[in-house]
Structure formats: structure tokens, C-alpha cells
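Asker: In the numbering used here, each number is its position in the sequence shown, counted from 1, plus 28.
A portion of the hints provided could be inaccurate.
Taking lysine to aspartate or glutamate and the DMTMM-like style, the derived pairs with C-alpha atoms no more than 25 Å apart in a straight line are [what the hints assert, rightly or not]:
id, residue 1, residue 2
1, Lys167, Glu182
2, Lys173, Asp120
3, Lys167, Asp82
4, Lys108, Asp38
5, Lys108, Asp81
6, Lys209, Asp81
7, Lys163, Glu146
8, Lys167, Glu129
9, Lys110, Asp120
10, Lys163, Glu129
Okay, the calculated beta carbon distance ranges per label pair [what the hints assert, rightly or not]:
id, residue 1, residue 2, range
11, Lys147, Phe56, 37 to 43 Å
12, Glu174, Asn61, 51 to 57 Å
13, Phe56, Tyr109, 29 to 35 Å
14, Met149, Leu53, 15 to 21 Å
15, Asn202, Ile48, 54 to 60 Å
16, Lys147, Ser49, 45 to 51 Å
Treat the hints as calculated values from the structure; they're not laboratory data.
Glycine is no exception: its CB is placed at the ideal position from the N, C-alpha and C atoms.
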Amino acid sequence: MAKLTSWSSDKIVGVSAMGISFITLLIFLYQTNLMRKQNHLSILPYVAISISDDPANATYRLSLMNHGVGPAIIDQVVIKYKGEVIDLAQYDHVTLRFLQERRRSLDSLKSFSYATLEKGMAIPANTTYTILEAKQSAKDYALLKEALESIIAEGLYFEIYYSSIQQEHWRISNASQGPEKL
């Protein structure tokens with residue numbers, strides 16, 4: 029016959045301590061996973077392309093807005109126009125130069141500002157980055173608005189590839205409703 033072993037209080041306390049330790053380990057792993065997800069979500073950039081039209085102040089603006097809580101790091105800007113695929117780097121990352129090549133009338137802009145979209149550039153959270161703007165001149169306002177709207181109507185399509193500081197990658201285009209995770 030098998031001998032029955034009696035459980036002493038030391039054995040019961042020891043097994044209980046091991047069980048509690050195992051449950052604590054599972055809780056710790058679960059909380060670590062939750063913290064990782066929370067950290068991940070707390071640094072997500074959310075970029076949108078915006079065209080602002082303010083005829084009262086003669087201002088027409090093309091900009092990027094980062095509505096996320098983390099910076100958006102530009103990886104690449106690709107333009108598709110009339111069957112041609114163009115990397116904005118060919119134009120020194122300046123959108124205006126690309127547009128001027130297609131609409132020579134834009135060479136006469138006087139009251140405007142522009143910025144580059146270079147690889148590695150960071151757009152901080154909750155900021156707007158102006159790519160191109162005509163302001164304080166009704167003539168320049170009308171010129172830029174007409175040129176950009178006509179080029180878009182002819183099939184201008186552009187994509188901006190960007191990433192977060194955790195190396196997640198997204199794409200936004202002038203035809204999309206929001207960022208697309210890659």
C-alpha cells in the first residue's frame with residue numbers, strides 16, 4: 029500500500045508561496061505588455077495633408093498637419109503626374125520647383141513662402157508644417173490656387189511616406205482619407 033504523506037504547515041506555506049509567485053509573474057508580464065502598448069500608442073504620429081483657402085486674406089496654403097502625439101519623420105515624397113513617378117528629391121525636396129516646371133506662370137510669384145520636405149525631417153506633434161503658401165497678394169493667391177487646382181485636376185497624385193520614432197511606417201496621399209500603415 030501507498031504511504032500517505034501528510035502536509036505539514038511548512039509544505040503548505042511553501043507551495044502557496046510558489047503559486048503566488050507564479051501568479052505575480054503572470055500579472056507582471058501582463059502589465060508589461062499593457063505598458064508597451066500604451067507607450068507605443070503614446071508616440072503615434074497622425075499626419076494629414078491640408079489645403080487652406082482664405083480669399084478674404086488672400087492666403088492659399090498647402091501644409092502637413094501632425095495631429096498625433098509623437099513626431100512624424102519624413103522618409104520620402106513621391107509624386108505621380110501624367111504617368112510619371114517622380115521622387116521630390118529630384119527637385120531638392122522643394123514642391124514649388126516641381127510645380128513651377130509644370131506651370132511656368134508660378135515663376136512670377138512674389139509674395140509667397142515655401143519649405144522643403146527632406147528625408148529625416150521631423151514634424152513635431154500637434155504642429156502644422158507649411159509646404160507652400162501665397163499670402164497678402166490677391167494676384168499671387170489667385171495664381172497659386174489656379175495652378176495647384178488645375179494640376180490636381182490633371183491627375184497630380186502625391187504620397188508622403190513617414191515613420192514614428194519606433195520605426196513604424198505610414199503613407200498619406202492627397203487622395204486618402206487618412207494615414208495608411210505600411
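Asker: Compare the structure with each hint and give your call.
Answerer: Hint by hint, here is what the structure shows:
1. Between Lys167 and Glu182 the CA atoms are separated by roughly 22 Å; this keeps the pair inside 25 Å, and the hint holds.
2. Under the criterion of a C-alpha separation no larger than 25 Å, the hint pairing Lys173 with Asp120 is consistent with the structure, at around 23 Å.
3. For the hint pairing Lys167 with Asp82, the CA-to-CA distance comes to about 13 Å; that is within 25 Å, so the pair holds.
4. Between the alpha carbons of Lys108 and Asp38 the distance comes to roughly 75 Å, so the proposed pair goes past 25 Å and is violated.
5. Restraint check for Lys108 and Asp81: satisfied, since their Cα atoms lie roughly 24 Å apart, inside the 25 Å limit.
6. Straight-line distance between C-alpha atoms of Lys209 and Asp81 comes to about 29 Å, which puts the hinted pair past the 25 Å bound.
7. The hinted pair formed by Lys163 and Glu146 meets the criterion: a straight-line CA distance of about 24 Å does not exceed 25 Å.
8. For the hint pairing Lys167 with Glu129, the CA-to-CA distance comes to about 20 Å; that is within 25 Å, so the pair holds.
9. Taken as a hint, the Lys110 and Asp120 pair is honoured in the structure, with Cα atoms around 21 Å apart against an allowance of 25 Å.
10. Pair hint Lys163 plus Glu129 holds up; C-alpha atoms about 21 Å apart against a cutoff of 25 Å.
11. At roughly 40 Å, the beta-carbon separation of Lys147 and Phe56 lies within the given 37 to 43 Å, and the hint holds.
12. A hinted range of 51 to 57 Å holds for the C-beta pair Glu174 and Asn61, which are about 54 Å apart.
13. Our hint of 29 to 35 Å for Phe56 and Tyr109 is violated, since their Cβ atoms are close to 54 Å apart.
14. Between Met149 and Leu53 the C-beta distance comes to about 44 Å, which lies outside the given range of 15 to 21 Å.
15. Taking the beta carbon of each, Asn202 and Ile48 are about 58 Å apart, inside 54 to 60 Å as hinted.
16. Checked against the hint of 45 to 51 Å, the C-beta distance between Lys147 and Ser49 comes to roughly 50 Å, which is consistent with it.
Hint check: violations occur at hints 4, 6, 13 and 14; the rest are consistent with the structure.
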